[in-house]
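Taking my numbering, the leading residue of the sequence shown gets 43, the next gets one more, and so forth.
None of these hints come from the bench; they were simulated from the model.
No experiment lies behind these values; they were computed from the predicted model shown.
Take every hint as true, because none was put in to throw you off.
The calculated label-pair distances, taken between Cβ atoms and stated as ranges, are:
| hint | residue 1 | residue 2 | range |
| --- | --- | --- | --- |
| 1 | Asn151 | Thr108 | 28 to 36 Å |
| 2 | Met123 | Asp196 | 21 to 29 Å |
| 3 | Gln117 | Gly164 | 23 to 31 Å |
| 4 | Asn151 | Asp181 | 15 to 23 Å |
| 5 | Glu184 | Gln71 | 20 to 28 Å |
| 6 | Glu62 | Ala193 | 26 to 34 Å |
The beta-carbon is built from N, C-alpha and C at its ideal position, and this holds for glycine as well.
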Amino acid sequence: MIALINKLLDWFKALFWKEEMELTLVGLQYSGKTTFVNVIASGQFSEDMIPTVGFNMRKITKGNVTIKLWDIGGQPRFRSMWERYCRGVSAIVYMVDAADPEKIEASKNELHNLLDKPQLQGIPVLVLGNKRDLPGALDEKELIERMNLSAIQDREICCYSISCKEKDNIVNQQNTQCLLNCTNMCTCVWLITFVSAERNEIPEKH
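Throw the hints in and build the complete structure from the sequences for me.
Next up, the structure:
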């Protein structure tokens, strides 16, 4: 009887529960932000994506989850806008071109400068190292080290290696485990819905 009641509760939850999230996607130009949005929205990859000028907003629905996703331009003249569009969101998604080592230092500095803003305190961050399909691309452990993610101790942060071109580690709706030990349900829903990878914990800095 109890099992039947639990099944009914699960059914009602699936029927009526709906989660709305607001995410902001930032990172240097040509890291693959707009391509990432297109892949998770349509499942299609295109070599001819035009870099975002200013910002774009797109709503994406996956099952009972609706995501309002801000895609902010990564050129230097647009980086001052990042903070404004990151305020009050469920999570910040920071895209890194893992196959371009010459830009890693600049990417690291921009991320840490952004997270130093008092208005963004405590907002969870998902760092995505894109272009893992290319030779020499940094893996998760290398990204954690090169981006100095261990120094970020005031919020939930996770790092994954992905490939928008191969749609690798992006779309997987079968994973039902919480991938991040956190209290922010929105972040967990994002990770569970879109990221297929083992959890990569950022070690505490001693």
